[in-house]
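Residue numbers (my numbering), protein chains in the order written: chain A, 1 to 811; chain B, 812 to 1256.
Because the hints were derived from the structure by calculation, they are not lab data. Backbone N, C-alpha and C fix where the C-beta goes; we use that ideal spot for every residue, glycine too. Please note that the accuracy of each hint is not assured.
[As the list claims (entries may be wrong)] Subject to a maximum C-alpha distance of 27 angstroms in a straight line, what follows is the list of computed DSSO-like cross-link-like pairs (lysine-lysine): (1) Lys-1205/B to Lys-1169/B; (2) Lys-461/A to Lys-817/B; (3) Lys-175/A to Lys-1169/B; (4) Lys-600/A to Lys-1200/B; (5) Lys-1200/B to Lys-1244/B; (6) Lys-1205/B to Lys-472/A; (7) Lys-596/A to Lys-559/A; (8) Lys-349/A to Lys-121/A; (9) Lys-1169/B to Lys-596/A; (10) Lys-600/A to Lys-583/A; (11) Lys-1200/B to Lys-1218/B; (12) Lys-1218/B to Lys-1244/B; (13) Lys-242/A to Lys-283/A.
[What the hints assert, rightly or not] Using C-beta positions, here's what the derived DEER-type ranges look like: (14) Glu-337/A to Gly-1246/B: 33 to 41 angstroms; (15) Ala-1150/B to His-488/A: 37 to 45 angstroms; (16) Arg-1003/B to Arg-48/A: 32 to 40 angstroms; (17) Cys-1247/B to Glu-348/A: 30 to 38 angstroms; (18) His-488/A to Arg-1059/B: 27 to 35 angstroms; (19) Pro-1065/B to Glu-464/A: 35 to 43 angstroms; (20) Arg-819/B to Gly-423/A: 55 to 63 angstroms; (21) Tyr-1236/B to Gln-154/A: 33 to 41 angstroms.
Spelled out, the chains give:
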Amino acid sequence: MERLTLEEIISRFRSDRRFMENVRAFREIPAAAGRFSPLPAWLHPRLRAVLEARGFQNLYEHQAEALELVRRGRDVVLVTPTASGKTLCYNIPVLQRALEAPDSRALYLFPTKALAQDQLKEFGEMARGLGGEIKSHTYDGDTPDDARQAIRRQANVVITNPDMLHAGILPHHTKWQKLFSSLDYVVIDELHTYRGVFGSHLANVIRRLRRIARFYGKDPLFICCSATVANPGEHAARLVGKEFALIDRSGAPRAAKTFIFYNPPVVNRELGIRQSALAPARKIALQLMGNGIQTILFAGSRLTVEVLTKYLKDGAEKREPGAEKVVAGYRGGYLPELRRRIECDLREKNILGVVGTNALELGIDIGELDACIMVGYPGSIAGTWQQSGRAGRRADRSLALLIARSSPMDQFITENPEYFFAGSPEHCRINPDNLLILVSHIKCAAFELPFEEGESFGEEKLEEFLAYLEEKGILHSANGRWYWTAEHYPANEIGLRSIDAENVVVVDVTEKGGRRVIAEVDWDSAFTTVHEHAIYMVESEQYHVDRLDLDRREAHVRKVDVDYYTDAMTYTDIRVLDGFETKQDGNAVVEHGEVKVSRKVVGYKKIKFYTAENVGYGEVSLPEREMHTTSYWFTLPLAMLDTLPYTRAEMIDGLCGLAYAVHHIAAMILMADIRDMDRCVADRSGRWFVHFGPGGRKPASAGSDSPENFDPTVFIYDAYPGGIGFSDLLFRIHRDILAAAFRLISSCPCAAGCPGCVGPVLDVGYRAKKAALSVIETALGSPPRKSPAPPALETGGKNGRTESVRRKGRK
Amino acid sequence: MSIGDKLRRIRGEGGAGRKEQPPQAREEEGRSKDERIDDLRRRIREILERRPSGPAAARKSGIPRGALPGEEVRTRRGSVLVNSSRILRNDFHGKRRICETAMPMDRIGVLAGRSVFSPFRCEDALFLDTETTGLSGGTGTFPFLVGLGWFEGGNFVVNQIFARDFDEEAALLTCLSDVARERKFLVTFNGRAFDLNLLATRYILNRIDNPLSGMPHLDLLFPSRRLLGHRLENSRLATLEKMVLGVRRDYDVPSSEIPQRYFDWLRSGNAGLMTDVLEHNRMDVATMAVLVGHLCDLFGSADGFAAAADGSDLLALARMCIDRGEKFTAERLLADLIAAGPGPLGTDAGTELSLLYKRSGRWAEAAGIWETMAGRDPGCLFALVELAKWHEHKTKNFRTAEALVAKALDNLPGDDIDWREALLYRLARIQRKMGCNQNGVNREE
């Protein structure tokens, strides 16, 4: 059979009417020539020789610019695409400095160990070219004990991760005296991954790092790199506490790429169910591989990776017996040897298809392939570009194909391609002064070095924290200094990535006197999943919860065989404590501020398998959980909503549907997990609220008695005590969010609501979708299309063909 | 609102519950009496914990100062309390008199595994043990008490430097520097992993040169574990002193309670909390002084055994000497053990010594030991095989070699296939050589 080239396959796609019906964007990203600058004159001759030997006769413009700024002592944040030579922007200054001052030190931070390994390899190659006296080492959980001392003394460049810096380096800084007393550069790559809780923690780890460096008389320069986000300079400044020079124009050349957004067809319009993304992924991947085109597929979970790998192996085998070995899975947990074999087979073209998880988008050395298929939106624009960057050789065209799942985020992106292509509206938000996070790191800092009078740490008043910790017996003041006075080691108790380490263990006590731990549930979901009399399911075994002991963090369960499952009924009550800012936008009053959220599980329903009949209720007595956090909210005039052609109940359904859409869009813009924030529909003054919890169908009416007058309000709040910094941004971009929600809902082809727009129709009611759209129009004061909106969300399509396809699909 | 209130509020730690009476009252009815009492207890405890205890207040009012033993010493970096005491030469500490501790520097070198001690005298040793605010390491652990000991005219002096508060740390370290300058080497128990690391950290934090870095150091933990640990449940100093040195403590603060005692002292100024800790530390320092004496005495004298030494300790010492290249001492110790008569210790000692001889090419002496071993235990496989090798390769007495291997085969447990194969192989080779020899051809391997 004659093999097709990638160009030919792409043009076949274009002329395939049935394929194009599902295409929402078909973009040609043209090749671009590079812009170059000569190697700087001040470059050490040996370093120049090494660079030239490695083929760098010139630098890209952005690299040269970064080097000049660093040379002049500026902290720099670099925002350029994948494969634009970012690492040289920090490796050159570090090597140059090490040649000028052999004792000089640098610290590199990467979010994962795998990335640190990649960097070690790259830096090591350059350093070896310089004769090998400049040493670099990774320092993380895998570093052998006997190597650690040598690394602390000798390594010019220590490559580590935030967790290790936090718990392994800073608390032992005296052992790292050599590093800190000569620390000239700190490099933070993948800056955009440090957002939300993790970023807020890291900002405090950096405060501690700079404090320790000051103790040794150093104020290192920071060189940061980030994927494209809307606020790189602001984010770097907030994370590091310094002002940064921003470089965001890439001088690197670019190969041509075809980018396709594919939305699988709707198969059940009633429920808004689409064809699984796996089906087209399988078909297209097999077509590409059948023509010898090397393809990488990214899937969201380990399970999907395994399923897809099997599909592709079966498909290849069917086409040609023995061909199943041209397909390989590649995910975390594979042994290094296996990985190396797969990498080698890819380079040798023995493997044509490789399937990986999103988590492995970075830090795998598999070279560059021809085509990339993303099964599901990777969750952020930055991540999507990074994954698609896996395909693309220097000279040839490459293909990137995004196949949408039915989640709101996937649907929004594919149905609104401009959001993706017109520059990033994604924001990295952190709140380093979140009290819980701040107080944790003040403890760590006090352990590392006693606090002195007049010192500051963060934006809050340090003396108050010190007094508080002294009152708790954790610190002790003597002569104007605060000393650590506890036996334990604070960094061990504080994880940077998790919100709350307290889990509830599920213990099977079916056997008399037996105690078998079968699962762990995080503290928050324990209330809804392992309350007393709940049916808890693990691997399709049913367990009845006999007892939930919150003090001991244990749930005792017994194996049962029943024909129902349970669904917790919760209520969320939200009260405004303090409004920080208010504005009138259209007909809505928009605010952000501090709120008190109370959540309580009040009971459960027994629901019969298959028929979903409600076969009983039970009551649950669990303590109410309260949390103070920050929120953004907007209130609509009841009188105006009453003029809309819906009943009160339908209007409330519409508000709930709107809240669902807004919640998802907010998470998307903030690159946050959907669980990092939560939503609630309630009365502005807290007299009334909609019972509305995860998994539980909301009662369509208001609280105990339905008041005639109330102020309907949608709250989107940070699901972390004290808030994580999302709300003021949401407040600022309120109008864009509503406009985006309108487009998400209006472009969704489902009949009356689905998980991709306002939520499943059975949860929100049959008129919610229409009502939600009317509510948005009321809120904005005009149909959203005519309103002026920022370019990122409102730019019309440049590709007429795609636009027409989309309209056809919708009408 | 205070930071504490804010933190409690955002965590939802009941702050709001108190304001809103109705929901709590409703809850109240549903709970048992016990639960309510528990709750009350908890709340009372919380209130008590919150009451300002005035950490330094009590102390500043002057209650405890006089009650702690010791005197105030002024240094360049402030004042610190030093408690000086002395164990007279003939005083017993456990089974030993303090003056019995002699420290021959060659033995100290073997114990430490380094030979840098030879120019020193017993009086140059500085014994050091710290008490700290935690055992976790890291920069937040504070050594509030440094116990120091040295020999002076046959007596043993213990000086304890005590920081009454964190702000006396610089003075404590300066005072330690002054003492250390007078001595030439350090003796600790687990100082390599703990005390010296910690002090190095504290010197850095206080920007004072560390006088201890570079001082030769004998860490008693390692030789103690090697020489005595094999017959003890663990090698902690408390175990060694009880089981080996016969030291009794009437009352002793458990080490694990010491950090909390210091924190309580800071808050309450109750000197009683600290006197126990000072005594604990003084005992530790004194125990190190007799322990080093005990370890040195294991080497014995040219005349024979150390008095009352455990044979297995001597075997362990002999093995350590072999590792450290101290052949003569090892030979003497092993010969004494063999001479002490048959038994497992004698066999082990014979094995070690004969191999030592063999490695040095002293075949006749080695063979003598094997003969003795085979004489004591005719089934001793090791001795039979070694003798067979000796006769096969050196004396060329193949017939004797053959008989020895045959005897070894007879004594071999039935299931030891590897040994059997090796022996059969050896036997065949010897028989082959015997045949060659009869033909007048001497073909050696």
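field: Hints the structure fails to honour
entry: 3, 4, 6, 7, 9, 10, 13, 14, 15, 16, 17, 20 and 21
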